[in-house]
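The numbering of the sequence shown is my numbering, which starts it at 233 and goes up by one.
The hints are simulated quantities; they were obtained by calculation from the structure and are not laboratory data. There could be a bad hint or two in this list.
Claimed, not checked - Derived DSS-like pairs (lysine-lysine); straight-line CA-CA distance at most 25 Å:
#1 K407 - K280
#2 K278 - K312
#3 K312 - K337
#4 K327 - K407
#5 K400 - K337
#6 K312 - K280
#7 K280 - K327
#8 K407 - K382
#9 K400 - K312
#10 K327 - K312
#11 K337 - K327
#12 K327 - K278
#13 K278 - K377
#14 K278 - K407
#15 K377 - K280
#16 K377 - K407
#17 K312 - K407
#18 K278 - K382
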Amino acid sequence: MIRGVLLDLAGVVYEGDHVLPGAIEAIARLHAMGLPLRFVTNTTTKTKQALLARLSGLGLEITGEELFTPGQAARDWLAKHDASPDLLVHPDLEKEFADIPEREKRALVVGDAGEAFTYDNLNRAFRALIDGADLLALAKNRTFKGDDGKLSLDAGAFVTALEYATGKEATVLGKPSPDFFSSAL
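All chains, please: the whole structure from these sequences, using the hints.
Written as structure tokens, this is what we have:
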């Protein structure tokens, strides 16, 4: 018995700026079947609202309730653990956490920070961890294929460096975490 469907986005529904052939029709069929449908992504450089706008621009009718992101998983973790974030994420993603109140308990949230992966920012993150912050990885991918078609370092390399430097193990909040998929449903 099928209880629901989880679909990845990049490489499954779209590639770059193009919807893959048959994707719109397949999504429409799944909606018509009445199955719970969720779209999951490890994208950590855009807010959920920015992703929804991009998907809409591609002609995909996906609601906010249907889209589940690592940023959302981090917000859920922070709320559950009554913690505030220290961020090492892409500047565009920072606003996803702007409304979280300051709390005594801290958690370092690491995502694909792109050009923000500087020595100073990594050292600030390291210091937050040795001062007691939990380590949350939005994803732990080693690499990703950029718009130029070439591989680039992803957040996993930096998460692993912070794990090594501090002796802490990251809680991975995005794919392939079983909790990520369970929370999406």
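So, going through the hints one by one against the coordinates:
A hinted pair counts as satisfied when its Cα atoms are at most 25 Å apart, and K407 with K280 qualifies at roughly 16 Å. Distance hint between K278 and K312 is fulfilled; the C-alpha atoms sit about 23 Å from each other, no more than 25 Å. Restraint check: the Cα-Cα separation between K312 and K337 comes to about 12 Å, which is no more than 25 Å; the hinted pair holds. About 22 Å separates the Cα atoms of K327 and K407, which keeps this hinted pair within 25 Å; it holds.
Distance hint between K400 and K337 is fulfilled; the C-alpha atoms sit about 16 Å from each other, no more than 25 Å. Restraint check: the Cα-Cα separation between K312 and K280 comes to about 20 Å, which is no more than 25 Å; the hinted pair holds. At roughly 10 Å between alpha-carbon atoms, K280 and K327 fall within 25 Å of each other, so this suggested pair holds. Restraint check: the Cα-Cα separation between K407 and K382 comes to about 22 Å, which is no more than 25 Å; the hinted pair holds.
About 20 Å separates the Cα atoms of K400 and K312, which keeps this hinted pair within 25 Å; it holds. Between K327 and K312 the alpha-carbon distance is near 20 Å, which keeps this suggested pair within the 25 Å criterion. Taking the CA atoms of K337 and K327, the gap is about 20 Å. The hint holds against a cut of 25 Å. Note on K327 and K278: the hinted pairing holds, with a Cα-Cα distance of about 10 Å set against a maximum of 25 Å.
Proposed proximity of K278 and K377 is supported: the alpha carbons are some 16 Å apart, at most 25 Å. About 16 Å separates the Cα atoms of K278 and K407, which keeps this hinted pair within 25 Å; it holds. Using a Cα cut-off of 25 Å, the hinted pair K377 and K280 holds, with the two alpha carbons roughly 21 Å apart. Restraint check: the Cα-Cα separation between K377 and K407 comes to about 17 Å, which is no more than 25 Å; the hinted pair holds.
Between K312 and K407, the direct Cα distance comes to roughly 19 Å. Compliance with the 25 Å bound is thereby established for this hinted pair. Only pairs whose Cα atoms come within 25 Å are accepted, and K278 paired with K382 is accepted, the gap being roughly 20 Å.
The structure is consistent with each of the numbered hints, conforming to all of them.
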